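Visitor: So the chains spell out like this:
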Amino acid sequence: MPAVQETVDQVRGLDVDQYKYGFETLIESDKAPKGLSEDTMRFISAKKNEPEWMLAWRLDAYKRWLTMREPKWAKIEYGPIDYQDLYYYSAPKKKDGPKSLDEIDPQILRTYEKLGIPLREREALLGIQKPVNEDGTEGGSDRRVAVDAVFDSVSVATTFKAELAKAGVLFMPISEAVHEHPDLVKKYLGSVVPVSDNFFATLNSAVFSDGSFVYVPRGVRCPMELSTYFRINEKNTGQFERTLIIADEGSYVSYLEGCTAPMRDENQLHAAVVELVALDNAEIKYSTIQNWYPGDAQGRGGIYNFVTKRGDCRGKNAKISWTQVETGSAITWKYPSCILRGDNSRGEFYSIAISNGYQQVDSGTKMLHLGKNTTSRIISKGIAAGHSNNTYRGLVTAHRRASGARNFTNCDSLLIGDKCGAHTVPYIEAKNSATVFEHEATTSKISEDMLFYCRQRGLSAEEATALVVNGFVKDVLQQLPMEFAVEAQKLISVSLEGSVG
Amino acid sequence: MPLLEIRNLHVEIDGKEILKGLDLTVNAGDVHAIMGPNGSGKSTLAYVLAGKAGYEPTAGTVLFDGRNIFDMEPDERAAAGLFLAFQYPLEIPGVATMTFLRTALNAQRKRRGEAELSTPEFLKKVREVAKKLGIEQDMLRRGVNVGFSGGEKKRNEILQMALLEPRLAVLDETDSGLDIDALKIASEGVNRLRGPTRSFVVITHYQRLLTYIVPDVVHVLSKGRIVRTGGKDLALELEARGYAQYQEEAAA
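Line order of the protein sequences matches chains A and B.
Heads up: the first sequence begins at 1 in my numbering, then just goes up one per residue.
Heads up: the second sequence begins at 1001 in my numbering, then just goes up one per residue.
Just so you know, these hints were derived from the structure itself, not from any lab.
This one's a predicted model, so the numbers in the text were calculated from it and none came from an experiment.
Treat the hints with caution; some may be incorrect.
Stretches of chain B that chain A covers, calculated by requiring three or more beta carbons in the stretch to come under 8 Å of a beta carbon on chain A [said to hold, decoys possible]:
| hint | region |
| --- | --- |
| 1 | 1050-1059 |
| 2 | 1079-1086 |
| 3 | 1097-1110 |
16 Å max Cα-Cα, derived EDC-like pairs, lysine to aspartate or glutamate [what the hints assert, rightly or not]:
| hint | chain 1 | residue 1 | chain 2 | residue 2 |
| --- | --- | --- | --- | --- |
| 4 | B | K1052 | A | D449 |
| 5 | B | K1052 | A | E249 |
| 6 | B | K1153 | B | D1179 |
| 7 | A | K445 | B | D1179 |
| 8 | A | K316 | A | E249 |
For glycine and all other residues, C-beta sits at the position ideal for the given N, C-alpha and C.
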């Protein structure tokens, strides 16, 4: 059955403000006192029993943050954020750390069930159950997903850990990595997104609570997709994850991040940092499906999403690919970028950003060509409906020694209705004459004639819109791992619900 | 009961009256040709029947199988068995023709309370129909009408018609832009679907198409009204003498 129809079936009856994941789990939680001061860092650090160097790192970040100002250049509007009125740490209350899934609060497990996250290992086996080969290579064509679930600020369970360990892949909460692999953390943390990079990244450096850590050793092809689901549950809790992925020489890893958050009246702050490091001949594929609460039909509530994601192709022939499907959040401020440092390295950015209601999206990428013969490709599809604003903002630069650098950029925007806006802001700087940068951009309105054609063939107005939009974003959907492409397709239709008529 | 019954239909587009009291009755199994000069209202009639926005009547009634079609959404009309072969088929980038066909067919079936076709059933059906129309599998994998030649687009319309098996097919200048070979293939496609329960309204400017799709009734539409009705020989007469006399009559 075409996913379009399936989608529309599921979506029927849902309103813009009937957010599917808007339930709240009532569990006791362990919070830091509201507000931000050096004590906040000390509290978080103590909770995690962190070594001294980690606390020092946080405090240093906090000092820098105090001197910084919130960036205002993006095409987004929002009231002032009171940083003293937020909780910076919230963890489900527990006696000791859970040793197995049985020890996890059943409420949390139920929450994940509603989200459809395969927390238990056997449920994570998608399709036919087939073990991974002894040598850690993929067992046939079946895909498996390891999940590191982050509930508010701490990881509650990491599946497949043992099996990954057999392949030599480290996949764990970053709070654990600080203890178990301090050398790796010290070496790479903040090496792609420096502590003082920007206001939100610096805030994250001070108060980050948890996130994923991945290290794929030399020559290893990670035997399964790694996945983290983030979920913001606690009221008035900013969530500050920190993810660090290192692909050592000649290795490969595909990582998927999915996000949902329950409904809130207040706007919740989310300021994550993701750092990727790809060494010689390594490849990292990072995919995101972001479906945070976008606010209600009047534009009240919703997540403020200020995220810094950056990958460093630190070695020659390294490759980093970002794929994102952004449908949620009241405000999205996000520019997954690639530093193309190694010669012949490659960066890719594939994006679908959908905005409806009163959502504001300012998203794009930066491709920084430093090495010789580096290449990059940007495919961005923005879809604006309702009263939303959708901006693509991108920067492509070539350093003086980046001879032979090439970039291809294609930005397409689709408008649904006449109260929304789509904007494209590309910046291009070439300091080396032997570079080729190409830029294509189109803006189109979803054509009434096209919809009528579909409806004459029997599709409802919603089915017709979903079909046309799915066609519009096809180039990007193809970049997602298969099972997530289906999920993304569904999400697209959910997001556009109520935009026709 | 006639399958289609149009009474005193008046339609304005942007304040200008295009159809001025049109009457037409099509019985099940009949093929009606509507001929007329440019600007006589032929395409307007097609769009009104299919339910395009902006083509609403100011007076008159249209009953399809006894139901008032103005109470039905375009997709409801489609599911009830009304098909329009577009004069200018639309392109839908990124949506494979195969996906489009399947989505459309299953949407209609579901609305009628029928089970959706399984993948093998559907593929079998499409292949059969496509083969008869000389449509390559490769074309079915491409985006709907994207990069299709004029002839391919028209054949794709006939393919959709054959697959959806409507009760009434309105063909809006399906012959325009077709060379003689393509015209023959398209006409054969139509003729194969002719039967006692299926009706056609063939809109055309030229007699040529009607040598391949032989109509039961021919109407002349001029300035928004049917001004003459006859048998298939009327088409030949029009070819020989042109539309001039009808335009004067309608104006008078």
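Visitor: Compare the structure with each hint and give your call.
Guide: Outcome of the hint check:
no. : hint              : in the structure
1   : 1050-1059         : holds (count 4)
2   : 1079-1086         : holds (count 4)
3   : 1097-1110         : holds (count 10)
4   : B:K1052 / A:D449  : holds (8 Å)
5   : B:K1052 / A:E249  : violated (59 Å)
6   : B:K1153 / B:D1179 : holds (13 Å)
7   : A:K445 / B:D1179  : violated (34 Å)
8   : A:K316 / A:E249   : holds (9 Å)
Figure legend: structure checked against the earlier numbered hints; hints not met, in rising order: 5, 7.
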